[in-house]
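Asker: Residue-level listing of the chains:
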Amino acid sequence: MKWLSTRRALALMIAPAFAVYSLYFAYPIGYSLYQSFTNAQAFGSTKLVGGKNYVQMVRDTLFWGSLRNTGIILLVSLVILLPGAFFLAHLLSGRVKGAGALRAMVFAPNVIAPILIGLIWVFILDPHIGLVNSLLHTLGVQHPPVWIGGTTLSPWSIGVVYTWQTVGFIMTIFYAGIRMLPHDVMEAASLDGATGWQRLRYVTVPMLQETFGITTVLVVTGVFKIFELVFQLTGGGPVHLSETLVSYTYWMTFSNQKYGYGMALAVVISLLGVVVTVAQMAFMRRRRAS
Amino acid sequence: MSTLSTTAPRLVRPDAPPSQRRPRRRRLGIAAIVAYLVTFVLILPMAWVVLLSFQSNDNILRDPLNFSHLSWANYSTAMSTLNLMTMYKNTLILAVVSVSVGVVISFTAAYALTRMVFRRPGLQKSLRFYFLAGLAIPVYILLFPVYKLNIELGLYGTYAALILPYIATQLPFNMLLFTGFLADFPGEIEEAAIIDGAGLFTLSWRVVFPLMRPVIATLLILNIIYVWNEFPFAVTLINNPAMTTISLGVSQFQGFWTVDYGAMMASATLVLLPQLALYGIFQRYVVAGMTFGAVKG
Numbered sequence: 007m008k009w010l011s012t013r014r015a016l017a018l019m020i021a022p023a024f025a026v027y028s029l030y031f032a033y034p035i036g037y038s039l040y041q042s043f044t045n046a047q048a049f050g051s052t053k054l055v056g057g058k059n060y061v062q063m064v065r066d067t068l069f070w071g072s073l074r075n076t077g078i079i080l081l082v083s084l085v086i087l088l089p090g091a092f093f094l095a096h097l098l099s100g101r102v103k104g105a106g107a108l109r110a111m112v113f114a115p116n117v118i119a120p121i122l123i124g125l126i127w128v129f130i131l132d133p134h135i136g137l138v139n140s141l142l143h144t145l146g147v148q149h150p151p152v153w154i155g156g157t158t159l160s161p162w163s164i165g166v167v168y169t170w171q172t173v174g175f176i177m178t179i180f181y182a183g184i185r186m187l188p189h190d191v192m193e194a195a196s197l198d199g200a201t202g203w204q205r206l207r208y209v210t211v212p213m214l215q216e217t218f219g220i221t222t223v224l225v226v227t228g229v230f231k232i233f234e235l236v237f238q239l240t241g242g243g244p245v246h247l248s249e250t251l252v253s254y255t256y257w258m259t260f261s262n263q264k265y266g267y268g269m270a271l272a273v274v275i276s277l278l279g280v281v282v283t284v285a286q287m288a289f290m291r292r293r294r295a296s
Numbered sequence: 010m011s012t013l014s015t016t017a018p019r020l021v022r023p024d025a026p027p028s029q030r031r032p033r034r035r036r037l038g039i040a041a042i043v044a045y046l047v048t049f050v051l052i053l054p055m056a057w058v059v060l061l062s063f064q065s066n067d068n069i070l071r072d073p074l075n076f077s078h079l080s081w082a083n084y085s086t087a088m089s090t091l092n093l094m095t096m097y098k099n100t101l102i103l104a105v106v107s108v109s110v111g112v113v114i115s116f117t118a119a120y121a122l123t124r125m126v127f128r129r130p131g132l133q134k135s136l137r138f139y140f141l142a143g144l145a146i147p148v149y150i151l152l153f154p155v156y157k158l159n160i161e162l163g164l165y166g167t168y169a170a171l172i173l174p175y176i177a178t179q180l181p182f183n184m185l186l187f188t189g190f191l192a193d194f195p196g197e198i199e200e201a202a203i204i205d206g207a208g209l210f211t212l213s214w215r216v217v218f219p220l221m222r223p224v225i226a227t228l229l230i231l232n233i234i235y236v237w238n239e240f241p242f243a244v245t246l247i248n249n250p251a252m253t254t255i256s257l258g259v260s261q262f263q264g265f266w267t268v269d270y271g272a273m274m275a276s277a278t279l280v281l282l283p284q285l286a287l288y289g290i291f292q293r294y295v296v297a298g299m300t301f302g303a304v305k306g
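If you read the protein sequences in the order shown, they are chains A and B. Per our numbering: the first sequence = residues 7 to 296. Per our numbering: the second sequence = residues 10 to 306.
Bound conformation, chain A alone:
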C-alpha cells in the first residue's frame, strides 16, 4: 500500500473533493466571516466597521423577536414532538396489526420537500380557506383563531407543522431504541408484577436515556434550520412578527440587502450550529463507549 501511495496518486484522489469543498464551503464561510465585520450593502462603498454589526444585533428588536419565535418552535417541539414520537414508537412496537405500514405512513412527511409541506399546511391553517377553521365554522365557532398570519399564533403553528414533519423520523429512532432493549429485563419486570405503565415508566424510559438525549439534540438542530415552513406559511410577516433566525437572516441579506449585517446574523446561526454539533458528538462518543 505504501508503494502505491505516491504523492501524485494521493493528490489526484483528493484534489477534486478538496477543490469543490474549499471553493464552495470553506471559502464562503471565510467570506461571510469577513463580511460580517463590514458595512457591505447593495449600494455605497464597503468598509470595515469592526464589531458594529454584532453590537447592533443586541439592540435589534427584530433579532430578539426572531430568536424568541425560534424558541417558541423549539418549546412546542420539545413538549409535543419528543413525547409524542416516543409514545407513537411505543404504540407501534406492540402487537398492533399492520404496525409496519403505520410506521411507514407516519414517516412519509420526512421525504416530502419542506416547501411543499409549507404549502400543504397553508390549506390546513389559513384563517380563511384552511381546513381547521372550516371545521370550526361548521361547529358554530364564530371567530376561530388566526393560526397563521396573525400577530401571536404563527410560531406556535409552525411548531406544530414542524412536529408533523419530523414526528415519524424521531419515532423511528425511538422505535430502534425500544427494539434494542434486552427482552429479559421486560420479562423480569412483568414477572415481578409491574403493570404496563410501570414497565414504561421505570424500565423503558430510563433505559432509553441516551436515545432521549440524541433525539433532543436532533430536534434542537432541526428547529434552528427551519426556513421553508416560515417562507411558505407566513413569509415572516406580518411586519416580521413570525420571523425565525434563519428567515430573518435571509430577509436581511437578500431582500433588505444589508449584506454585512446579514452575514453577522448568519455567523451567529452557524455558531449555534457548531455548539449543538459538539454536544451531539459528545453524546455519540458516550454512547459508543458504553
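FYI, nobody ran anything at the bench for these hints, they're computed from the structure. Computed from a predicted model, the values in this text were never measured in an experiment. Fair warning: there could be bad hints in the mix.
With a straight-line Cα cutoff of 27 angstroms, these simulated DSSO-like cross-link-like pairs (lysine-lysine) come out [as the list claims (entries may be wrong)]:
| id | chain 1 | residue 1 | chain 2 | residue 2 |
| --- | --- | --- | --- | --- |
| 1 | A | Lys264 | A | Lys231 |
| 2 | A | Lys53 | A | Lys264 |
| 3 | A | Lys58 | A | Lys264 |
| 4 | B | Lys98 | B | Lys157 |
| 5 | B | Lys157 | A | Lys231 |
| 6 | B | Lys157 | A | Lys58 |
| 7 | A | Lys58 | A | Lys231 |
| 8 | B | Lys98 | A | Lys8 |
| 9 | A | Lys264 | B | Lys157 |
| 10 | B | Lys98 | A | Lys53 |
Fit chain B to the given chain A structure using the hints.
Answerer: Chain B only, in chain A's frame:
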C-alpha cells in the same frame, strides 16, 4: 413477551386458553385504535390536498367539506398552464450530476485519507478533520457568498452554479460515512489484490468500491432526497424560469395561481404523489438511510 397485565391473574401460562388472556387482548385493541387514529390524523393533511385538487374553486372557498362535485378539471388547467415537465427535468439533471460526481469524488478522497499512506500522517489527519468539520455548519451561511462566487466565476444562471454547492454541502456527510466504513475495511482483501498485481485504480474501484454497496446505497438515497427537496440554494441561485426546480416551482405556486386554489392543489398533488410513490417503493431503504446516523451512531 408475557401475557400478564393489571387485571390478569399473576401466573397465566403463555399457552393459556384465549379466555384467560382476554384483558390483554382488550388493551391491545385500544392501543390499535389509538394507533390507527393517530396515523389517520397524521396523513390527513396530505389526503386533504389531494381531495381539494378535485374540488372546484367555488367549493374550496365556500364549502370545502362538500364532496358532491369532484372533477378532474383542475388537472387539465394545471397541466396546460404549468411547465411541470421542465421542473422535473431540471431537478433530475441536478440530482443525477451532483449526486454521482459527489459520491465518486468523496469516495476517492475518503479512500486516500483512510487506506493510503501519507508521508506525514499529521496532514492526513488534519485533512480528514477539514472535510468533516463542515458537518457542524448550517448551509445558510453559504447562500450569499456562493451567490457572489457564482457571479465572479461566470457560472450564475447555469446548472453548475447549483451542482457545485450541492456537491460541497453533501461532501462532509459522504466523507463521514465513507471514512467510517473504509477504516473498518479488512486489509487482507487489499493485500491479496496488490499481490495479484492490482494497481491503485483497480484496487479502489474494482475491489473496494463494489464492496461498499450498502454505504453507497445509503448515500445515494440521502443525497438524492437532499437535492430533490433543496430550496434555499435554488431560490437564491436560479433567476431563469427555464431552470426552475421542483421546490422552487412549488414556492411560486401561491404567486402563480393566486386565487385558483383548485389548480394550485392539483399542481401540488402532481409533485406530492410521485414523491410518495417512490418513497413507497424504496421505503425500507429510505427509512434506514435517513435514520442511519442517529441509530447506528
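Asker: Any of the earlier hints contradicted here, and which numbers?
Answerer: 8 and 10
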